[in-house]
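Hey, can you piece these two chains together into the complex? The hints should help.
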Amino acid sequence: MSVTDAPPLAPAPVEPPAPRKPATRKRLVPYWLLLPGILWLIVFFALPMVYQASTSVQTGSLEKGFEVTWHFQTYWDALTDYYPQFIRSLLYAGTATLLCLLLGYPLAYLIAFKAGRWRNLVLVLVIAPFFTSFLIRTLAWKTILADGGPVVDVLNTLHVLDVTSWLGWTEGSRVLATPMAVVCGLTYNFLPFMILPLYTSLERIDGRLHEAAGDLYATPATTFRKVTFPLSMPGVVSGTLLTFIPASGDYVNAELLGSTDTKMVGSVIQSQFLRVLDYPTAAALSFILMAIVLAMVTVYIRKSGTEDLV
Amino acid sequence: MTQKTAGGDVRLSGISKTYGSFTAVHPLDLTIPQGSFFALLGASGCGKTTTLRMIAGLEDPSTGTVFLGDKDVTDLQPYKRPVNTVFQSYALFPHLDVAENIAFGLRRRGIKSYKKQVDDMLDLVQLGAFAGRKPHQLSGGQQQRVAVARALINHPQVLLLDEPLGALDLKLRRQMQLELKRIQTEVGITFVHVTHDQEEAMTMADQVAVMNGGRVEQLGAPAELYENPRTTFVANFLGTSNLIEAEVVEAAGDDTVVTCGGAKLRVPGDRCVSRPRAGGKLLVGVRPEKVSVAHADDAGAIADGRNRITGRIVASSFIGVSTQYIVDSPACSDFEVYVQNIERDARLTPGAEVVMHWNPDHTFGLDADQDIDAGVETVEESA
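In order, the protein sequences belong to chains A and B.
Taking the working numbering as reference, the numbering of the first sequence is continuous, increasing by one, and the terminal residue is 528.
Taking the working numbering as reference, the numbering of the second sequence is continuous, increasing by one, and the terminal residue is 390.
The shape of chain B in the complex, shown without the other chains (with noise of 0.2 Å):
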C-alpha cells in the first residue's frame, strides 16, 4: 500500500500564508524526502505548526502548492489525502474505544477486514491490552500512542505529528522518542514532526528546518546545524552559543584574524557565512562545550595556535556530569563554558582569571548585521 518509489517525496513550492495583514508563514520552497524523519523546529508562531497544517490540507495556502511525490495536491481536501496527522492534543474520538479509534480510518475507506489490522497496530504500540476502553481512561502516553497508531494503520505516504509529546512530562516524553523514531524505522514512513523542543527534533530527525518569523531559518542533518550555524538565531536556539562581536583584523589567506576586546581570534574563512572583509565586523561564535578553561597561572600551559580569551569566572554550577562556568571577559561579558568532569581544577571558583582557549576549527563566523540575541529568549521560554 505503501508508495516505495523514489517520487514519493512531500515538496512544497513557494508556499505561504497569510492571515489579514498577518503573514504566518513566508512562501517557502522545502523539499521532504520519502521515509526520512523531518522536523519542522521553532518557537511557537514560527510558521511550522501552520506549514504542517498545510500539507495535511487543514489549512488553505495562500500562494503556493504541496506536490505528494508528482502529484499536486493543493486543493486536495484533508479526507481525499494520503497523509495523516497525530494531533498535538491528539483528539482521540471520546465516544469510541481504542481498538474503533484505530480502525476510524480504515473503516472509512470502506476496508472491511480491518480487525486483524488493527490488533496488529495495537501490538506495535503496545496497547493490545487496552483495545476496549475509551479514551479517558488511559494515561497521556497511552492516548498519545493510540493517536499514532490510529494514524499509522492507514499506511499514508506522510505522517504529520503537530507537538505529539508536548503533553507529557519529561521522561515519558524521552521514552516516546525514541518509541516514535522505533516505529518510523519499522515502517519507513516519511515523518514530519513539529516540535519546539530543540532536544527532540536533534534526537529523532534525519532532517531539520529550523523555523522563525514565518520562515525557514537553516535545514540540515542535526550534527550539520549544530556545527554549523548560519544565523544567530539558530546557533542561540540549537544549544547555547557565545557570540562575540569582533573586528575583522585580516582576511586573506585560509583563516580570518579578528580581534575583540583585546584577544585575538582566528577564524576557518570555510565556516564564516560569507567572505569576511579586512575593517569590517563579524560574529564569531563557539559552542561551549567545545572551550577549555585554564586557570591564569597556568596560561603557559596552553598549546600554540589556539584561540584563547582571559576573564574572571563570575558563576558556576555543578551538574553532575558536567560544571558550567560563565566567566565576564573584555569580549564578552556572560562567556559559557562546560568542562567534563573528570579532573576538577579547585581553583576555579567565582572570582578566579582563567585562561579560555579553544581549537580555532571549532570557531564559526556569522553575518554582523543580525540581532546577536536572536533566539536566546525563546529558547529559556520553552525549557
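The shape of chain A in the complex, shown without the other chains (with noise of 0.2 Å):
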C-alpha cells in the first residue's frame, strides 16, 4: 500500500483549553514580589505610625499608665507650646536645604559636565563623609566652629560675624551655639543628599541638548537659564526633599552644635519621649511635623510642576 492510500487523517484532537491554573499563577507573581517589601512596611511603617497615633490621643502617667482618651486637645497644647520650635525647624531646614541647593548645584554640574575621569573619584569624595558617623562629623564642627579657632578668627577679622551677629545669626565674636552653627551643621550633613539627586539629573541630559541650544543662538548662561535647569527640575525637587525633609525633624545638629535658644522641634521631640516621658505629647508633635512637611512638600511640588517627572 503506498502512502498516499492512507486513509485520511483523523482530525486533529482539539488542543484542550489551557489550563487556567498557571496564568493565574503568573498574575500572582508580582504580588509575591511586593509581599516582602508590604510586609516591612507594615511591621516598620504601619504599626509604628497607628501605635504613635494611639499614643498621641492618650492621657495618663508613667506610674498609673497611660490609656486612650481621645484627647485632641494635646496636639493643640503642643502646638502653642512649642511653636516656636516648629518655626524654627522649618526656618533652619528651609535655610541649610537652600544653601545645599546653593553649594550643590554647581558641583554636581562640573561633576556631570566637566569633571570626566575624575567623575568617580568626585563621586567617592562626595559620599565618603558617610564613612564616618553622623555624630563625629557633627561633632567636628563643633571643632572647626570653636571659639577662638582659626574659622571664627578669619570670620571675626573679615568682619563677617559683625553682619551675622547684627542679621542675629550669631552673637558676638561666637559661631558656636548659635543658629548658624546649626545652620551650617545641617547643610553640611545634609550636602550629599542634595548632590546625587542632583548629579543623577543633570548626568541624565544629553549633551547635544546644550550644543543645539548654542546653535539655537542662546549664550551659554541662557542655555542654563533655558535648557539645563529645567531639565534638571527632577533632580532639585528630589534633592530639596531629601534635605528638607530630615532636616526638618533632625536634633543632633541642634542639640550639639545650638544652645538653648535654637532648639528645633527634633529637640523637643527626643526630650519628650526620653527624658519628660511625656509620650503623647512627644507622638503628637511628631504628626504635627509630619502633617506640616507633607502639606509643604505637596505645594511644593504642585508649584514645581514636576508631578510626573519625580
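There's no promise every hint is true.
[Claimed, not checked] When the alpha-carbon atoms are kept at most 25 Å apart in a straight line, the in silico BS3-like pairs for lysine-lysine are as follows:
#1 K444/A x K78/B
#2 K141/B x K444/A
#3 K444/A x K123/B
#4 K87/B x K444/A
#5 K122/B x K444/A
#6 K122/B x K87/B
#7 K521/A x K141/B
#8 K141/B x K123/B
#9 K87/B x K332/A
[Claimed, not checked] Some chain A residues flagged as far from chain B (calculated, every beta-carbon gap over 10 Å):
#10 T242
#11 F262
#12 T277
#13 W294
#14 L309
#15 L320
#16 A333
#17 G334
#18 V340
#19 G366
#20 S391
#21 E421
#22 R493
#23 V494
#24 L495
#25 D496
Since the hints were derived computationally from the structure, they do not count as laboratory data.
Ideal Cβ positions, reconstructed from N, Cα and C, are used throughout, including at glycine.
Below is the structure:
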C-alpha cells in the first residue's frame, strides 16, 4: 500500500484550553514579589504609626499607665507650647536646603559635565563623609567652629561676624551655639543628599541639547536658564525634599552645635520621649511635624510642576 | 533676512582638526556655493561630521579659517553664527512642546512676533496639528521635521544637516529625502548635508564631496562623480565598479590600449586620471550597468570595436528590474554585470560561458598605485 492510499488522517484533536492555573499563578507573581516589602512596611512603618497615633490621644502618667481617652487637646497644647521650635525647625531646614542647593548645584554640574575621568573619584569624595559616623562628623564641627578657633578668627578679622550678629545669626564673636552653627551643621550633613539626585538628573541630560541651544542663539547663560535648569528640575525637587524633610526633623545638629535658644522641634520630641517621658505630647508633636512637612511638600511639588518627573 | 548676495558662500580655507596624535580632518579647502545643496559623503570616521561641526562652531579647527561670505567666523561662538544645525539625533528639547522648540531660536534673538512664523513653519513641515505635543509623543519622522523646522525658522545663511535621516527606516528616509529637497528649493538656503549613504547624497545634492580618512577624495556633481571617479575609493564607494588591473600596451593617440588576462581593452585617454605610459600599469574600470552579456555562442554577433572580456557566470540573482551576474574571468574573478530584464536569455545561468562587452567610451582609467578595494567594505557595512 502506498502512502497516498492511507486513510485520511483523523482531524487533529482539538487542543484543550490551556489550564487556567499557571496563568493565575503568573498573574500573582508581582504580588508575591511585593510581599516582603509590604510586610516590612506594615511591621516597621504602618504599625508604629498606628501605635504612635494612639499614643498621641492617650492621657495618663508613667506611674498610673496611659490609656486612650481621645484627648485631642494634646495636639493644640503641643502646637501652642512649641510653635517657636516648629518655626525654627522649618526656618533652619529651609535655609540649610537652600544653602545645599547653592553649594551642591555647581558641584553636581561640575561632576556631570566637566569632571571627565575624575567623575567617579569626585563622586566617591562626595559620599566619603558617610564612612564616618553622623555624630562624629557633627562633633567635628564643634571643633571647627570653636571659639577662638581659626575659622572664627578669620570671620572676626573679616568682620563677617559683625554682620551676622547684626542679623541675629551669631552672637558677638561666637559662632558655636548660634543659629548659624546649627544651619552650618545641617547644610554639611545633608549636602550629599542634595548633590547625588542633582548629579543623577544632570548627568542624564543629553550634551547635544547644550550644543543645540548654542546653535539656536542661546548664550551659555541662557542655555542654562532655558535648557539645563528646567531639565534638572527632577533632581532639584528630589534633592530639596531629601534634604528638607530629614533636616526639619533633625535634632542632633541643634543639640550639639546649638543652644537652648536654637532648639528645633526634633530636640523637643526627643526630650519629651526620653527625658520628660510625656509620650502623648511627643507623639502629637511628631504628627504635627509630619502633617506640616507633608503639606509643604505637596504644595512644593505642585508648584514646581514636576509631578510626572519625580 | 536671508542674504541673497553672491558673497554668501561658505569657504573653508586650510581647516584641519587634530585630537592629540589623531588627525580627524587634514587641511582642507572647500567652497560651498550659496544656495546649493551640498553633501559631505563618507564612511563613519572620515571626518565629515567634524568638518560640519567646524562650520557650526561646535568644534574649533586646529588650523585654518572658516568664512561665511566675506566674514571670518572661525573664532565666533556658535550662538553668534548665522548657521543652524539639524542634529543627528535631532536633540529636540524634551521639556518644550513642538511650537516652543521651533520658536526657541527666534525667542533667543528677542524676536517678539514669532507666533506667525512658527505657524508658517509648522505648515511648511506639515505638523500644524502637533504644535502642542512634546517631542517624545512624536514619531521619528515627525521629530526629524521638527528639528528641520527649528533650524530653518531662523533663516540661517547655511543649514547644516548631520545625518538627519540616519534614524529613519528606509521608506521614510526616501520620503524625507524628497521633502528636504523640496524645502531646500523652496527656501533657497545653502544646505550642507552629512551622510554615509551614497544614494542619499546623490539623490539630494547638487554637489558632493566624497571624504575618506580626513581628506576630500573628490568633489563634483553626483553624475560627474559617478561617471568619472578619480580614485578607487570613489569608484567603489559610489555605486559599484569593476576594477581590473591592466598593463598599458599602447599609450599614443586618443585611446590607450591595455591588456589583462589575455583581453585587449581600450580606454579613452581623456578618461584616465593621469597620462598612462606604455609598459606601465593602469586600473581599468567600468560600471556594471554599462556592460552587456552575450552567451559565448553568440560572440560573433557582437559589434566590432567594443571592449570584450570572456568568462563564466558564477552567480546570478534576479531582482525584478534587472538581473545581476557575477562572472569569473581571467581578468577579474568577480566581474559584476547588471542586465535589464527586457529580453532574458535563458542560457545565462551559472556555469554558462559568456562574453561581456561594452562601449570603450564607458571605460575609465585610474592610477594603479592605490588599493583596488578601497571603499568596498565600507559600503557593505553601512548598507
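A quick look at each hint next to the structure:
For the hint pairing K444/A with K78/B, the CA-to-CA distance comes to about 30 Å; that exceeds 25 Å, so the pair is violated. Between K141/B and K444/A the alpha-carbon distance is near 16 Å, which keeps this suggested pair within the 25 Å criterion. Straight-line distance between C-alpha atoms of K444/A and K123/B comes to about 22 Å, which keeps the hinted pair within the 25 Å bound. A threshold of 25 Å between alpha carbons decides the hint, and for K87/B with K444/A the separation of about 17 Å falls inside it, so the pair holds.
For the hint pairing K122/B with K444/A, the CA-to-CA distance comes to about 19 Å; that is within 25 Å, so the pair holds. In summary, the hint linking K122/B to K87/B is supported, as the alpha carbons are separated by about 23 Å, within the 25 Å threshold. Pair hint K521/A plus K141/B holds up; C-alpha atoms about 20 Å apart against a cutoff of 25 Å. Between K141/B and K123/B the alpha-carbon distance is near 20 Å, which keeps this suggested pair within the 25 Å criterion.
Distance hint between K87/B and K332/A is fulfilled; the C-alpha atoms sit about 23 Å from each other, no more than 25 Å. Every beta carbon of chain B lies more than 10 Å from that of T242/A, the smallest distance being close to 35 Å; the non-interface claim holds. With 10 Å as the threshold on Cβ separation, the claim that F262/A sits away from chain B holds: the shortest Cβ distance comes to roughly 38 Å. T277/A, annotated as away from the interface, keeps every beta carbon of chain B farther than 10 Å; the closest lies near 53 Å.
With a closest Cβ-Cβ approach of about 45 Å to chain B, W294/A is found to remain outside the 10 Å limit, as its non-interface label requires. Every C-beta of chain B lies more than 10 Å from that of L309/A, the closest at about 32 Å, which supports listing it as non-interface. For L320/A, the non-interface assignment is confirmed: its Cβ lies about 23 Å from the closest Cβ of chain B, beyond the 10 Å cut-off. The Cβ of A333/A lies farther than 10 Å from every Cβ of chain B, with a closest approach of about 20 Å, so its non-interface assignment holds.
For G334/A, the shortest C-beta to C-beta distance to chain B comes to about 14 Å, beyond the 10 Å cut-off, and the non-interface label holds. Once the 10 Å rule is applied to beta carbons, V340/A is consistent with being away from chain B; the minimum gap is 24 Å. For G366/A, the condition that its CB be more than 10 Å from all CB atoms of chain B holds, with the nearest at approximately 51 Å. Residue-level check passed: S391/A sits 48 Å from the nearest beta carbon of chain B, beyond 10 Å.
Every beta carbon of chain B lies more than 10 Å from that of E421/A, the smallest distance being close to 15 Å; the non-interface claim holds. With 10 Å as the threshold on Cβ separation, the claim that R493/A sits away from chain B holds: the shortest Cβ distance comes to roughly 50 Å. Distance to chain B confirms V494/A as a non-interface residue, since its nearest Cβ pair spans about 51 Å, more than 10 Å. Interface exclusion of L495/A from chain B stands, the closest Cβ pair being 52 Å apart, more than 10 Å.
No Cβ of chain B comes within 10 Å of the Cβ of D496/A; the nearest lies about 50 Å off, and the non-interface call holds.
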